[in-house]
Structures are given as C-alpha cells and as structure tokens.
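**Student:** One letter stands for each residue in the lines below.
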Amino acid sequence: MNKAITTALQKIENLNPSNAGKDFLLSWDKSADDLLSILAIAEILRMLHQEGKSFRVFDSGLAVSIFRDKSTRTRFSFSSAAAALGLSVAELDEEKSQISHGETVRETANMISFMTEVIGIRDDMFLGQGHSYMREVASAVTEGHQQGILHRRPTLVNLQCDLDHPTQSLSDLLMLKNHFGSLENLRGKKIAMSWAYSPSYGKPLSVPQGIIGLMTRFGMEVALAHPPGYELFEDVTKMASQQAKESGGSFTTVENMEQAFEDAHVVYPKSWAPYAVMEKRTELLREGDAEGLLELEKACLAQNATHISWECNEDRMKATRGGNALYMHCLPADISRVSCKAGEVSHGVFEKYRLDTYTQASYKPFIIAAMIFASKIDHPARVLHKLISRDRGNCVDFCG
Amino acid sequence: MNKAITTALQKIENLNPSNAGKDFLLSWDKSADDLLSILAIAEILRMLHQEGKSFRVFDSGLAVSIFRDKSTRTRFSFSSAAAALGLSVAELDEEKSQISHGETVRETANMISFMTEVIGIRDDMFLGQGHSYMREVASAVTEGHQQGILHRRPTLVNLQCDLDHPTQSLSDLLMLKNHFGSLENLRGKKIAMSWAYSPSYGKPLSVPQGIIGLMTRFGMEVALAHPPGYELFEDVTKMASQQAKESGGSFTTVENMEQAFEDAHVVYPKSWAPYAVMEKRTELLREGDAEGLLELEKACLAQNATHISWECNEDRMKATRGGNALYMHCLPADISRVSCKAGEVSHGVFEKYRLDTYTQASYKPFIIAAMIFASKIDHPARVLHKLISRDRGNCVDFCG
Amino acid sequence: MNKAITTALQKIENLNPSNAGKDFLLSWDKSADDLLSILAIAEILRMLHQEGKSFRVFDSGLAVSIFRDKSTRTRFSFSSAAAALGLSVAELDEEKSQISHGETVRETANMISFMTEVIGIRDDMFLGQGHSYMREVASAVTEGHQQGILHRRPTLVNLQCDLDHPTQSLSDLLMLKNHFGSLENLRGKKIAMSWAYSPSYGKPLSVPQGIIGLMTRFGMEVALAHPPGYELFEDVTKMASQQAKESGGSFTTVENMEQAFEDAHVVYPKSWAPYAVMEKRTELLREGDAEGLLELEKACLAQNATHISWECNEDRMKATRGGNALYMHCLPADISRVSCKAGEVSHGVFEKYRLDTYTQASYKPFIIAAMIFASKIDHPARVLHKLISRDRGNCVDFCG
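Chains as they are written, first to last, in the numbering used here: chain A, 1 to 400; chain B, 1 to 400; chain C, 1 to 400.
To be clear, the hints were calculated from the coordinates, so they are not data collected in a lab.
Bear in mind that the values here come from a model prediction, so they are computed numbers and not experimental data.
Don't take each hint at face value.
Treat identical chains as interchangeable: a pair holds within one or across any two.
[To be verified] Here are the simulated lysine to aspartate or glutamate pairs, EDC-like style, with alpha carbons at most 16 Å apart:
{"hint": "1", "residue 1": "Lys386", "residue 2": "Asp397"}
{"hint": "2", "residue 1": "Lys341", "residue 2": "Glu231"}
{"hint": "3", "residue 1": "Lys22", "residue 2": "Glu143"}
{"hint": "4", "residue 1": "Lys318", "residue 2": "Asp93"}
{"hint": "5", "residue 1": "Lys298", "residue 2": "Glu13"}
{"hint": "6", "residue 1": "Lys352", "residue 2": "Glu143"}
{"hint": "7", "residue 1": "Lys352", "residue 2": "Glu314"}
{"hint": "8", "residue 1": "Lys70", "residue 2": "Glu94"}
{"hint": "9", "residue 1": "Lys70", "residue 2": "Glu91"}
{"hint": "10", "residue 1": "Lys238", "residue 2": "Asp34"}
{"hint": "11", "residue 1": "Lys280", "residue 2": "Glu258"}
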C-alpha cells in the first residue's frame, strides 16, 4: 500500500470525530477532529483517484443538489463526488417545481428525500437567508426521519451560504497543507484575506468569512483588509479573534491591502459587497422593489469605484514574504484588462499563479466526497481499509 | 428473512400477472393480479430500502423522463426509483430539442429509445391529449421494436395524464392498505373524494379520476362530491359505478362536501377544473388565442369563487367516522391562510394530518420502482428471491 | 460466443490504432486503423446490447456534455453511451454557469475535468468557431494534465462542430456497411450528397462535409450537388478529392440534384446554409447586430426560396440505381406538406425510408460508446474479450 495512504489512514484512526449522521453547514460548528478526519479522508480518496482506483461505496442512491445561484466549480465538484461514491445526482430546479418560501420548505425537503442520501445546497444571495434555509431543510428531514417517514435521514452539505463556504475553505486548507508540507507548518504563516476591487455587485461575503473562520483555528496569522464599509459579519470576526487566541495565531483587521500583504506567506485578494448593501438588497428583493434594486446597484458600483486601486498587482506582491507569497482565489477572478477593465488582480499576477488556482480548485471534489463519506459512513477507517484492500480499478482496463 | 417480506413474496407467487413487457398507462387496464403484484413488489422494495439493502437490478441503462408540466414529487420519485434500480435518468427537455406535434412524436419516441429501458411521461395539461400522446409514444416504440430498430422495447409509465394518475392512486392505495391493515380491510370503508375550493385554475382531473377508478375495485364505498359543472369524465364515472357493483362496494355522487364526509373513514378534498373549462382551454391553446385564454381564466376563477365554502375544515371533519377520518392529499395542498387566502383545507386540519400526507407521498418512489420492475422482469418472484438472498448493503459500510 | 462477435474481435486484433488517450475531433485526422477499430468496437458493443449483455467498463465517473445548440438524437446517444459504459452525465449548462469566451475557456475546461473521463461537445452554430473551441478545450485539459492538476486527461468527442459531425458520419458508415454487407462492398458505390431546399436558415455545413470527408476514403463514388453559392468549406472539398484519388473512388461536384442522383446507390439530400451567409452571420453575432441578423435571415430565406425545386421526390428517386437507392438523413428532415409546406423530401419518399432513417440513427449511441471506449481503454481487444467472457446480463433477471 502507498505509504502516504497508510499515514493518512493512521491519522484517521487516532481521531475521534462525530461526523456520522451530521450535516456540514458551518466549519465553526465542527470539532478539530471532525475537520481533520474530513481532510484525511479527502486526501485518501484523492490518492485512490490518482491511482485509478474506485472509491465507490454506494450501490445506488440519490444525491440531490439545490442551486439558488450560478455555479460551475461547485456544481461539477458535487456531481463528481456523488458519481464517484456511486450516487446519482438529481437537481431540484425550482422553476420546474412549485416551490414557495415559508410553510412549504419543510414539505419539499421531505418530498425530495424518500430515497436520498445527501442534499447539497447553494443559497448565498441573501444575507440572513441561506443558512436559515439550510437549517429549515435540516430540521424538516430530521422530523421526517424521526416520524418514520424517511427510512434514512439525508445529510446536508453547505455548498455556500450567506455565512460560510466550507467546501471552498476546506479545499483551500488542503491546498495550504500541501503547499507548506503539513498543517503543523501553517502555524505562524501569515495569510492576507483582502478585499479587492471588482466592477460587479453583490458578491457574497461567505468566502472571506469562511477563510477567517477556518484559518484562525490552525495557528495562522490572519490579516483581514478592506475599505471602510466593507466589514464582514461581526459574529464571524469576533469568533475569528477568539479562535486565533486559542490556536496561538492572530487575527488583525487593517485598512489597506499593502498592510495586509506585508510579509504575507499567502494572499487571498477577493471582492465582496458591503454588508449594508447586502442587507438593503435582501430587503428590496423581499419587497419586489425593482427600481430600488437598480438604484442600489448603481450606488454600490459607485461606492466600489472609489476603491478601484485595491488591485493585487506586481508591486503589491513584492511586499509579500520573499516577494512570492502564494496567491489564492476561489475563481473566477476578475482579471484587469482580461475579464474587465480593472479588477481584483493584474493579468501578470494571475498568469503567474493561474495553475496554482487550478490546483486549489482541484481539491473541492475530494473535499465534498469526504464530507459525504464522513456523514454517511459510521466507520470511515474500516471502510477506507476495505476500499484500499479491494483494490478495484475504476476502469475494467486497469483490473488484473 | 424478515417475516413481512416472506409474506409479501408468497403473495406474489400466488398471482398470475401479465405486467412483463407491458406499459402502465391506466390502472383500469390492469388486472387485479397485475395491481396486486405491483403493490407487493413495492412493499418488498420498500422493506429492503428500510433495511439499507440494495435492490439494484440493472448494471446500466437509461430511464427517460418527459415532463410536460411542473413536478416535484413525481419527478424525484421517478429519479429515485430509476437510480435504485440502477438506471440513469435522462430528461427529454422539449425546449432543448426540436420537438413538434403530429408526425414527429413517433420519430422522437424512437430516437430516445435505442438503449432505454423505461420512459416516464407526465402530460396532464390538456383534455384528450395526455393519454393520446402516451399511446402514440407506445405505438411508436412497438413499431421500432418489431422492425428490429430497438433491441428492447422501453416500457412506459404514466406519470400523470389527462385521464389517470396511477403512480399517485397506487401509492394512495398502499397508504390505505397500511392504514387499515390490509386490502381486505378496505371493504366497506367509505372514502370521500371531494372537490375543494382553490384560487387556482386548470388543475387536472386525473387525481379524482384515478381515485374513483381504483378504489371502487377494492370494495370501498366511494362518494364523489363536487359543485354542478365540475363533473369528471363520464367514461370514468360510469366505469367506477360498474366496478363498485362488481367489487361489492358502492359509488355515489353527491352535491356537497358534507354529504360525502358523513361517516367517511377517509376524505380526499382536492380542487380540479370544470371539464368544460378544460375542453375550452385545450381548444384555445390549439388556436393560440391568448386573449381568449385570459378571459377563460378569469371566468373560471370567478366560477370557482362561487364555491369558496368548499373547504375541508374542523367542522366538516367532525362529521366523519369518529370525527377522525384519514385526510389525504397528493400535495401540494392549497392551505387557507397559509399558501393562499382561502383554499382546499384549513390550516388546522392540514397540520393535524401533515405527516400523514408525507407518509402518503413516501410510497410513490417504491410504486414507480415496482412498476418498472414488473414491466422489465419476467420472473419477479425469482428475482426478488435473488435480491433478498444476495443481501447486499446499499452502502459498503453495511456489508459484512 | 456469437460468430459475428468473434469475427469483429479478430478484426480489431489485426489493427494498429492509436485512439487511446486521443480526442475524436475530425474523422480526417484519424488513420484508417483508428476508424476501423472504432467501427468494430461499435459493432461488438451493439451485439452485446442486442443480447442483453452489459458492456459497462467504468465503476463510476463523469461524462460531461456541452451543448451549444439544440439536440435530441446526439444528446440521447451521448447519455446512452455514457450510462452503458458506467459513467454519469453532467451537462455544462452555460446559463447556469458563468462562462465567457476567450481567457476563461481554458479555466472552465479544467474546472469541469477533475474527475471527468470524457467531454462531449456540440458547437456547430458559427463558422470558424466550433472546432476552434474544441481545440481550446483540448489544449486546456492537456495543460492541466501535464501540470499534474488533472489526474487523468478527459478525452474529447466532437458531437458536431462547424467542420465535421463524426458521430453522425461514422454511424452513417456503419449503416452503409450493413446495408451493402461490408466496407469492401462500398467500393464503386455511388452516394449523392445533395443540397435540398428547406424553409429554415442557418443549418450547419458539418453533415455534408462529414459525409464527403469520410466516404471518399472508402472507395465510394461521391457526388456533391448544390446550387451556386452553397459551396462547402474549400479545404474539405479539396481533401475529399485527394482522398477519393487515393482510395480508388471519385469525388465530383455537380450543379443539380438530378445529375447527382443519376444511378446513385445512396442519396443523402439535406439542406445547409450558404457559406457566405454563415460567415456574415458569425460576424453579425459577434457584433451583436440584431437588425443585421434579421435582414440576413430574410435575405437567406429569399435566396433559399429560389431553389425550392431541390426536393427529393419520387420522380428524382426513379433515376437512382434500380429506382431504389437508399435514402439517408440525419433527422429531423423537413418533409414537404408534413413539417413544412415545401421541404427537403416528399412525404412519399420519406415514408418509404422512414424506418431506414431510424436504423441509421440507431448506430449513433454505439459509435459514441466506441469512441469513448477506444479513447479510454489501452487494450480494446483484451477488454472486449473480458466483457464477452464475463457474460454479465444487463439486468439481473437475465443472469444465471
């Protein structure tokens, strides 16, 4: 057996996670062992895939996805993960169904779950709604299961909400682990989570929140930078501070990109909308005020435009550790003079790190597969052992 | 082996069904043994699922779905059933294809069938069309198969047409069987299939027709209630009368909800459109008369509004057997002061039976799986034996 | 073992193809052995399917499809092929993603490929774009694989571009092989690839180009007919001439349908747009000139209308070899007085050959499956042997 697999497997055996039967909604609701277990499972599944081995664990079954916002990376990551585990994806297209809010979420949640193993949800557009929606679905399937209506309770995976984007942040963490050699090596490494200019409007806050909510648990020096008015959700920044203290790292907020980048090992420059705008938008949408929304968009773009200088470029990268911090982005990035006139990152910087951003994205299917695996499998180490020792090629051509 | 499974299996061995190779379009085209066999198969598959066992019978293959109307429950039930049996779902999206009526239905039917095991169709919008469309598809694939173009003839499952909604009515029958303990116990039980007010327009007649067309075969006392002008298709009501006579039950039509509910063991209050409106609508749609359609909708809603008192509420429920008849609904229900100002059912009544309606819906994936199973498997009892004795966990975690 | 299977298998063993790891973009980029191998694999898979045997080779995995134009036949053929091989289809819906041209094609290509075995693409609308797009995707996944980002490089299958429609032309070739008994028998047979009138606008040139680009390699007498102004891409007609010389066949261009049909064994009358119109259209679309596009459509339809006499009808069929040449069409055909007032083919001729056109279409799922098989399996003969000898029923009912 591959030595790296053996090592990862031993790691899992020494953990005491409680992922089985549990949803993955927010990374900060998970224990360290929960997260370490998922990371190790993801790494093992990734190595099996690399060797052309199958890690299919289901004979059949459904994985339901609900996308309330556009998605390429996460959509395909979820489909890949489900297919690799042996599940068929069925997407709940709310336009082809008759879904309304309020009373019927709990009904729909049960109607799609009679033979469903996992439900993946993206609902990131409206502040105070995405996470609530997921909790509503979660509590509905819990009721359905407790009442004997659902033979098994499907587990939920948050594919991005208004608070967190855990499939992204855990993929990013795996990227950092591999970049620096180990999770232990992340201690004391500085990561700059910085706002960056984009000519677009309404980008969710969940990526920066996910990053500061996760990386502060691993002893990193997390520097958050944004213009005034672009604050993140206060509960999350407070929590990040607390976690940094406990982990021996730090969490600081600074007011410009330069300060954040100073001596940073990692930079993560990314645009997001002002919290106040997102709140106002949610309100206007609820009222169906189309005119108000147009005005808000205009005002927000004008506000953004006053911060057009927040671009990650060669000059700013020079100030990072050794001048070559790792540049990260969840993609797609707004690249100056490529996808827009002025954007989050200069063409030169993006090109230099383009393949790194692909690698960063490449962890996501395995993170999602591991989240599903961990939530559905009571004895992950035992089953992984079984998968490794059955040594089944994913294609019959690879079989003996 | 689970005793309930053994009993169900014995039942199948004593039947003489002819489902193999046949479509399931209308419940009244099926023999008693056909129906009993499908019910028993559904129960066995359901028990296997409950125990976490796989009932996958296909190594690969396609299940095609054609939805010409919105659907959540039936769509996910079909997807679940197909996935559990080992088939991949491919949906024919008529907007992404180039489908027209008439000449080309038979062409399309063959084009989607070269490697297809089953085709599920919902076409319930237009009187005189849904069932005809299914027959056209059926005859096209029969021709394709007879001419050697299709290696195997895909079998059709009616996922709701203008005449019948058999995956619903058979699920409902299974619900009743479990509620009352056995099919035999249904004899003499009164079911009230009643029209109910809804502020919507154009709801199909297929659910009430499916219910009276099926339950009259099992010795039930079926009472149909609706305002004048909301008659069902005459062929179906005549057939229901005849069947009731033969089964030792009864079929009566009454003019108000109260009379139907009187001493009923089961109530099924549900809105549908007047037959004449549905006919007119089909005509206007064919002519593309948008203005006429708007006027018709207005007129129909006004007509409905004169019957706003047809609500299933606490008062009316008091008159049922022991004051606690089983309330049934195919969902989603129009709930007064929840999903609309005034609707089919009061909030209180719906809440009391909400979980029962979920249970009712929970049979559908297994009914659909059983319909597919019965149509594709020559020796259902033998194959079920095989599935039971192979004892394969649906998840590798459950395996020995 | 079925004798026909043994024969086909021996054929493969004597070939020296280099399909493994390669995309299938243009038939003329493939060697004779590449094509012969794919044809033989398709025939074996088809025979296995006919006998109810499974030819599933993947335990799990993704097949991604990208349709930039409407499709029924090819869409279902791709889904069927993927499902039969054990892959789950995930469709890249560009409206549900955030895809733009240029810079991001290479990004998207990698994002959808982390666990993907094959990517099928239809992009046939714009001259000079479809094939370029496929090459861009191909080079992006090559880069991703070489850089270690993709564990395996997904192979591409062209589901129709602006230049070629190889899944169609290879299906057609298999149809001809079976119609005439062998590929050898195609030598000296005359096929008339003729333009035909259609009241529609903007039909791609890829089918006629695919036909003349493939059939000239098998010693056929290929006659291309079209009105002036409806020339095909010059590179392809030149290549067809050259290939005809090398194969001992011929390639001629004539100016009317009669001449092409004269003594033809096979006729393939089909509409396509004038090259100049397609060029202009691509330009106008790029400029977003809606008015210009409307004018172009009008002008093109007017131009088409001057050639309304180009219909394949009984009179013209009389001039073919023995009066009963095989009529071919990729479907759907524009049938006079059925799907349009005047079209590509008379009702009588189409009816006579309707089932033949279905048979012609029936090869496509197996051709696509064979293309995927050949590109993913290093040792096709060895794996086919394995599939045949494992003798696994596709349905458990067929198993011993």
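**Student:** Now look at each hint and say whether the structure bears it out.
**Tutor:** Status of the hints after comparison with the structure:
1. When the C-alpha separation of Lys386 and Asp397 is checked against a cutoff of 16 Å, the pair qualifies only between copies, where the shortest distance is 9 Å, while the shortest distance within a copy is 21 Å.
2. Within a single copy, Lys341 and Glu231 get their C-alpha atoms no closer than 25 Å, and across copies no closer than 41 Å, so neither meets the 16 Å cut-off.
3. With identical chains, the CA atoms of Lys22 and Glu143 are at most 16 Å apart within one copy only, with a shortest distance of 14 Å there and 39 Å across copies.
4. Taking CA atoms no more than 16 Å apart as the test, Lys318 paired with Asp93 passes in neither setting, with 46 Å inside one copy and 40 Å between copies.
5. In this homomeric assembly, Lys298 and Glu13 never come within 16 Å of each other (Cα to Cα): the closest approach is 54 Å inside a single copy and 67 Å across copies.
6. Taking the shortest Cα distances, Lys352 and Glu143 sit within 16 Å of each other only across copies (15 Å), while inside one copy they are farther apart (51 Å).
7. Within a single copy, Lys352 and Glu314 get their C-alpha atoms as close as 10 Å, which meets the 16 Å cut-off; across copies the closest is 65 Å, which misses it.
8. For a Cα distance limit of 16 Å, the shortest separation of Lys70 from Glu94 qualifies both inside one copy, at 13 Å, and across copies, at 10 Å.
9. In this homomeric assembly, Lys70 and Glu91 come within 16 Å of each other (Cα to Cα) both inside a single copy, at 13 Å, and across copies, at 14 Å.
10. For the identical chains of this complex, Lys238 and Asp34 are neighbours neither inside a copy (22 Å) nor across copies (63 Å), given an alpha-carbon limit of 16 Å.
11. Proximity of Lys280 and Glu258 under a CA criterion of 16 Å is satisfied in neither setting, with 30 Å inside one chain copy and 50 Å between copies.
The structure does not agree with the numbered hints 2, 4, 5, 10, 11 stated previously, though it agrees with the rest.
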